[in-house]
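Residues per chain are reported as follows:
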Amino acid sequence: MAIATGNPAGTVGGGQAGSASVTQRYYRRFTSVERVLHAGLMLTFVGCALSGLPLIFADRPWAATLARILGGFEGAGLIHRICAAVMIVVFVTHVVMVFSKAIAGGRLMRILWGPDSMVPQLQDGIDIYRNFLWFIGRGPRPQFDRWTYWEKFDYWAVFWGMVIIGGSGLLLWFPVFFSKLLPGWMFNIAALVHGEEALLAVGFIFTFHFFNGHLRPEKFPMDTVVFTGRISEHELKAERAVQYARMEREDTLNAALAPAPTEESKWFGWVVGGAALLLGVIAIVLIVFSVLT
Amino acid sequence: MTRAIRAILFAGLAATTAAYAATAPAPAPAPAPSVTDTCLMCHADKDAKGAAGKSIAVDGVKFGASVHGEIKLKCTDCHADVSADKLPHPDKLKPVVCATCHEKAVKEYAGTVHGMSRKGGNAVAATCTDCHGTHDIKRPKDPTSPTNHLNLEATCSKCHGSDAVVAKGKLPGGNIGSKFHDSIHGKALQGAARMSAPECSDCHGTHNIRPKSDPQSNVNRARIPDTCGSCHKPERDAYVNGMHGKLRQDGVLAAPGCTDCHSAHAIQQHEKPLFQTEVIKECGTCHADYLSTYRDTFHGQVTALGYSRMATCASCHGAHDVLPASNPASKVSKQNRLKTCQACHAGAGANFASFDPHANKHDKARDPIYYYAAMFMEFLLFGVFAFFGVHTVFWFYRELREKLVRGRKSTGGYQGKERH
Chain A
0 MAIATGNPAG TVGGGQAGSA SVTQRYYRRF TSVERVLHAG LMLTFVGCAL SGLPLIFADR
60 PWAATLARIL GGFEGAGLIH RICAAVMIVV FVTHVVMVFS KAIAGGRLMR ILWGPDSMVP
120 QLQDGIDIYR NFLWFIGRGP RPQFDRWTYW EKFDYWAVFW GMVIIGGSGL LLWFPVFFSK
180 LLPGWMFNIA ALVHGEEALL AVGFIFTFHF FNGHLRPEKF PMDTVVFTGR ISEHELKAER
240 AVQYARMERE DTLNAALAPA PTEESKWFGW VVGGAALLLG VIAIVLIVFS VLT
Chain B
0 MTRAIRAILF AGLAATTAAY AATAPAPAPA PAPSVTDTCL MCHADKDAKG AAGKSIAVDG
60 VKFGASVHGE IKLKCTDCHA DVSADKLPHP DKLKPVVCAT CHEKAVKEYA GTVHGMSRKG
120 GNAVAATCTD CHGTHDIKRP KDPTSPTNHL NLEATCSKCH GSDAVVAKGK LPGGNIGSKF
180 HDSIHGKALQ GAARMSAPEC SDCHGTHNIR PKSDPQSNVN RARIPDTCGS CHKPERDAYV
240 NGMHGKLRQD GVLAAPGCTD CHSAHAIQQH EKPLFQTEVI KECGTCHADY LSTYRDTFHG
300 QVTALGYSRM ATCASCHGAH DVLPASNPAS KVSKQNRLKT CQACHAGAGA NFASFDPHAN
360 KHDKARDPIY YYAAMFMEFL LFGVFAFFGV HTVFWFYREL REKLVRGRKS TGGYQGKERH
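Chains A and B supply the protein sequences, listed in that same order.
Per numbering that gives the first Met the number 0, residue 0 is the first one in the first sequence, and the count goes up by one each step.
Per numbering that gives the first Met the number 0, residue 0 is the first one in the second sequence, and the count goes up by one each step.
Hints listed in this document are in silico derivations from the structure and should not be mistaken for laboratory results.
Don't take every hint at face value.
If you want the footprint, here are the derived chain A segments under chain B, 3+ residues with CB under 8 Å [what the hints assert, rightly or not]: (1) 66 to 73; (2) 129 to 136; (3) 183 to 189; (4) 194 to 206; (5) 245 to 259.
In silico lysine to any residue, SDA-like type, Cα no more than 25 Å apart, as pairs [claimed, not checked]: (6) Lys360(B) x Val162(A); (7) Lys167(B) x Asp213(B); (8) Lys236(A) x Phe393(B); (9) Lys179(A) x Val331(B).
Note that CB positions come from ideal geometry on N, CA and C, so glycine has one too.
Produce the complete structure using the sequences and hints provided.
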């Protein structure tokens, strides 16, 4: 990805009345590979969710309808396996990238801590506490560095989910092969956790991740940052003042300047991201309806 | 008279008759009108009506072609209270008494479900004429007879396939005609093997149709395996040696018989996906726990969606020859289990058979690891949803409030600047 260096391409005219400046700077938040990985994860996740949910709610009429739409048990099974295989590629690519980047930069330990680490820190505990204080009107809205605690939770929920669901899914996909290595009860556990963990993942992503990332009042209806890769200076200052201040201190702000989001990336975000949002919300309605009735 | 003399006399008679028939193509007019002709003087009129306004027309040609016409019965042989010498006869005649000739059949009929219902006041219960007709009665062998093998379904369905009659007579089993017509037997009756396909009377009998509660009935619960077995012998023998059949021999009449899984009249081909997936529920009527744990597995989920290319109960346990796992001959016994898995999972390793296809997340003794894993997953789900549920509700409230307050003071939020 081309890194802009403070040239006018990094700014854009306009901005709403009442905003602090007439021009808007953008900073890179996600690399293009990260955006592709998120898009791949998003699409395969929706694919796996829609083709897998009919099994979990097999006794509901909508499940049979959905399965029929997806080509019956054979068709849905094929979609599920294709999406799963692509998701595994996404996962492996991500892990390889994290380590290769850290090794190349000679900063292996930055995986474990520091502002770019996804590993929960003491600061995250403090942030949860301060955020709840703000929720109940007992404190100011806390400011965050690059990754908030809920973003880390989203990340690990998906990371752990892919290990558990992916691992158990492979067992269930190739039972004859794995039966030569593993005892039979492992398949019982695999089937159990595959379904339960999937329900957790679907239930979490399609509600809390959607709310945290997109549907809450400040972001509604969608935050396209994960599709465009760029965050506006205004938003960076307003929500991640800690990160902004740190980058100012480290003098890395200019290096992170990026051109304004392209129309294509915004369009992709609105259409594909919106479709995923819509499908997710439908899935949640069906799940909640099935669980309650 | 010896047999030889009788044969000679009969041959002579036959020859004479044949010669007469050959030389006289048109029958000579009878010297005096027969009784039947006398009756037809009035009754041949198609529009003839009795005092009550009901048609009294009789088709002489049809009667002539009927089995009774064939053997030259006179009208008065059945309508015995009419005499050709005393005409006109009274308006109201006594019911025809078929028993005059058909003593055995009528006696049998009296003890049947039809005879007893009629005696009990059920006006729609079938009598002789409802099945056999009146003046046009044919031998069952005759393809036009309502009691012919190929016509009996339609004849019984006049009542048992009519919603109106079923409702009026409170006939047991509802509209059986439509169920039977689409069943494997009903379809077979329309196909190439129709002459050997069973119709109603093959299971229920003819003049001896008895209610299924009657121990003598062919369709009595205890006798059904033998009734079906009269055609399906290998299945009947397998059933008798299977657990369900053995329970029956031990006096447990509640143990399932043929119709519990296959139904009585709506029997479907067992390879059909609908039968394959529906019959699972039948097993579940007794084995509810096992149905429920089966539904927790991939096998059970796929079949619940209506796809039969997946293990059903019978795939592992067998059907007619179902045996408990403790029996070494059972398909799910320790000795045979792996082979049973391998029927679908070719090449499955020995560990395969230690998978529990009925693992129960509530049964700690049966599957302790599974039990605790399920409990862990439940806590995990509950914990995550509870924490983020609360988190989200609070967050939504606070953020919306701040946004609304800020909205009143200025026009912008902290996002949305890039929107034009």
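Hint-by-hint comparison with the structure:
Note: the segment 66 to 73 of chain A has 4 residues with beta-carbon separation from chain B under 8 Å; the three-residue rule is met and the coverage holds. For the segment 129 to 136 of chain A, the proposed coverage by chain B is satisfied: 6 residues have a C-beta within less than 8 Å of a C-beta in that chain, meeting the threshold of three. Remark: the segment 183 to 189 of chain A is confirmed as covered by chain B, as 5 of its residues place a Cβ nearer than 8 Å to a Cβ of that chain, reaching the required three. Residues of the segment 194 to 206 of chain A with a Cβ under 8 Å from some Cβ of chain B number 7, which satisfies the need for three, so the listed coverage holds.
Residue count for the segment 245 to 259 of chain A with a Cβ under 8 Å from a Cβ of chain B: 1. That is fewer than the three needed, and the coverage hint is violated. Distance check on the hinted pair: Lys360(B) and Val162(A) sit about 23 Å apart at the alpha-carbon level, within 25 Å; holds. Under the criterion of a C-alpha separation no larger than 25 Å, the hint pairing Lys167(B) with Asp213(B) is consistent with the structure, at around 23 Å. Among the hinted pairs, Lys236(A) with Phe393(B) is consistent with the structure: their alpha-carbon atoms are about 23 Å apart, no more than 25 Å.
A C-alpha spacing of about 20 Å is found between Lys179(A) and Val331(B), which places the hinted pair at or below 25 Å, so the restraint holds.
Violated hints amount to a single one, hint 5; each of the other numbered hints is respected by the structure.
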